[in-house]
Amino acid sequence: MEVKSMNTTAIIIGLLFLISIVAAENPYRFFELHVTYGDISPLGVAQQGILINGMFPGPDIISVTNENLIINVFNHLDEPFLISWSGIRNRRNSFQDGVYGTTCPIPPGMNYTYALQVKDQIGSFYYFPSLGFHKSAGGFGGIRISSNPSVPLPFPTPADDYTVLIGDWYKTNHNDLRAQLDNGGTLSFPDGILINGLSSGATLNIEPGKTYRLRISNVGLQNSLNFRIQNHMMMLVEVEGTHTIQTPLSSLDVHVGQSYSVLVTADQPAKDYYVVVSTRFTSNILTTTGVLHYTNSVEPVSGPIPNGPKLLRWSFDQARAIKTDLAASGPRQSPQGSYHYGMINITRTIRLANSVGLIEGKQRYAVNSASFYPADTPLKLADYFKIEGVYNPGSISDQPTHGEIFPVTSVMQTDYKAFVEVVFENSENTVQTWHLDGHSSFVVGMELYKWSPDSRKLYNLNDAIPRCTVQVFPRSWTAVYIPLDNVGMWNMRSELWERQYLGQQFYMRVYTTSTSLNDECLIPNNALLCGKAIDRI
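Under mature numbering (1 follows the signal peptide of the UniProt record, and there is no 0), residues -24 to -1, 1 to 513 are what the sequence shown spells out, in order.
Since the hints were derived computationally from the structure, they do not count as laboratory data.
Some hints here could point you the wrong way.
Stated by the list, open to error - Below are the DMTMM-like pairs computed for lysine to aspartate or glutamate, each with C-alpha atoms no more than 25 Å apart in a straight line:
hint, residue 1, residue 2
1, K362, D495
2, K186, D36
3, K299, E401
4, K147, D158
5, K299, E397
6, K286, E397
7, K247, D137
8, K508, E55
9, K147, E55
10, K147, E183
11, K(-21), D511
12, K299, D137
13, K426, E380
14, K433, E423
15, K508, D352
16, K338, E423
17, K186, D137
18, K299, D96
19, K147, D15
20, K147, D167
21, K433, D293
22, K393, D374
23, K338, D158
24, K247, E183
25, K338, E401
26, K95, D36
27, K362, D511
28, K286, D167
29, K362, D352
30, K95, D439
31, K338, E380
32, K433, E401
33, K508, E(-23)
34, K433, E397
35, K426, D374
36, K426, D293
Predicted, not measured: the structure shown is a model, and the values here were computed from it.
Full structure from sequences and hints, please.
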């Protein structure tokens, strides 16, 4: 695909302008990310990986709330590439979201500079490659947003802070995995589980008596995972940017795309202990181990590997027990009084049902029977330049149709500042996870069987946790409240990457007639142009 950027002078002026209007006197940090191929062998078999600055996984992006991040991404691959920022809300700026519906891919040999602001955000997130099946080759890394130093944490400052990226992994090249799906196939069961890019030997070093923060993200392709540490309890303290009621855990289910922070105290005899990650809800359980290493350890890991939970009900109960710490200091969602979300009138109910079927004899997935096919032009650019024939607002129903699945570039029209109820309905036997870019959603309820209006009697309208990625258990529903306080074109997708790639996604167009910069940023002057927007200025 041909991609064109605006001239150099315009880029410089545009970046300075963007910094000036976004920064609002807040500090900004500069990063360079160089994307290359490299030889890796996480499962003992040499394969082609995607490295960031020569690393697999990539380096952490570390910042403080409200800072502006200027991230220059250099694509040294032989194919187009995009990075997206899971959980970063990109306030007023979906042009920088880094998914194909909003952003043209970075061509081989070129670079693109993202300008993001982590406005009113703290917490644990990650970045990842959003095109095709690049995610199965790497290209991901942690994002860490600390509170302003003047704002106290609701727990003692940890001795250190570790990013822990876990996920299922395939030995197969990412192009071959994509070809399997393009030819009508499906993904097989993964070959292994990785902890920070390793199938064994990942080590976390701790000193006796000290407490550490682990930021755990499931960056895999399709499997829910359970995380646990031999003979150690964990204290849950944060979920995707919100401090939680502090809850002791012996193990933690982390569904695909989700991020958590836990505290671990080195309060056991000095030796090494297993760090264990295993698949959930699979007949064949994959397990990998790392090491929690005491600095004065005199004994290697030993004894049986601790077992994970088995029952679905256990995971249900854990998920429902995660609640917001209403007394904790820190940034909060404030538009429309959404912090008191239970007192706001719902303006619209959207029900989303996932399904599977065939289109032209090939496996596809759908939302409300609409199976997403990418257009030749990013939808946000088509919107901005008023290019017709790229998509139609309302091309996906906001209620399940239960009909045969059909191909469409699906976009749901919504109103800026609406406060909507979204119910995810899962009639299948697998755990689903859903992510909405640009927003956090209050998880007000989840239960077995079918949702009905009477299900609202079970909702938590006081201290539900807001998050960007929610799980929907088999034959179950999950309900969320979403303040649509971020104008733009935002991707709603399955985090199970086979399903996302084969159509289980759509775009939510959060629309206003306002042209105020308080509502939405101008298109970046360094924006890449492609498709029908190639000659627009």
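Hints, one by one, checked against the model:
1. K362 to D495: holds (19 Å)
2. K186 to D36: holds (23 Å)
3. K299 to E401: holds (22 Å)
4. K147 to D158: holds (19 Å)
5. K299 to E397: holds (19 Å)
6. K286 to E397: Distance ~31 Å between K286 and E397 Cα, so the pair is violated.
7. K247 to D137: holds (21 Å)
8. K508 to E55: holds (20 Å)
9. K147 to E55: OK: K147 and E55 at ~20 Å, within 25 Å.
10. K147 to E183: violated (35 Å)
11. K(-21) to D511: Given that 25 Å is the threshold and the Cα spacing comes to 8 Å, the pair holds.
12. K299 to D137: Given that 25 Å is the threshold and the Cα spacing comes to 23 Å, the pair holds.
13. K426 to E380: holds (20 Å)
14. K433 to E423: holds (12 Å)
15. K508 to D352: holds (7 Å)
16. K338 to E423: violated (32 Å)
17. K186 to D137: Answer holds: K186 to D137 is near 12 Å, not above 25 Å.
18. K299 to D96: holds (19 Å)
19. K147 to D15: holds (12 Å)
20. K147 to D167: Measuring from Cα to Cα gives roughly 7 Å; hence the hint holds.
21. K433 to D293: holds (18 Å)
22. K393 to D374: Holds - the C-alpha atoms of D374 and K393 are around 18 Å apart, at most 25 Å.
23. K338 to D158: Holds, at roughly 8 Å.
24. K247 to E183: Distance ~11 Å between K247 and E183 Cα, so the pair holds.
25. K338 to E401: Measuring from Cα to Cα gives roughly 24 Å; hence the hint holds.
26. K95 to D36: It holds: about 19 Å lies between the C-alpha atoms, which stays within 25 Å.
27. K362 to D511: Distance ~13 Å between K362 and D511 Cα, so the pair holds.
28. K286 to D167: Distance ~21 Å between K286 and D167 Cα, so the pair holds.
29. K362 to D352: Roughly 15 Å between the alpha carbons, so the hint for K362 and D352 holds.
30. K95 to D439: Holds. K95 to D439 sits at ~22 Å (cutoff 25 Å).
31. K338 to E380: Holds - the C-alpha atoms of E380 and K338 are around 14 Å apart, at most 25 Å.
32. K433 to E401: holds (17 Å)
33. K508 to E(-23): At roughly 10 Å apart (the allowed maximum being 25 Å), E(-23) and K508 satisfy the hint.
34. K433 to E397: Holds, because 14 Å separates the two Cα atoms, which is no more than 25 Å.
35. K426 to D374: Given that 25 Å is the threshold and the Cα spacing comes to 17 Å, the pair holds.
36. K426 to D293: Measuring from Cα to Cα gives roughly 18 Å; hence the hint holds.
In summary, the numbered hints that this structure violates are 6, 10 and 16.
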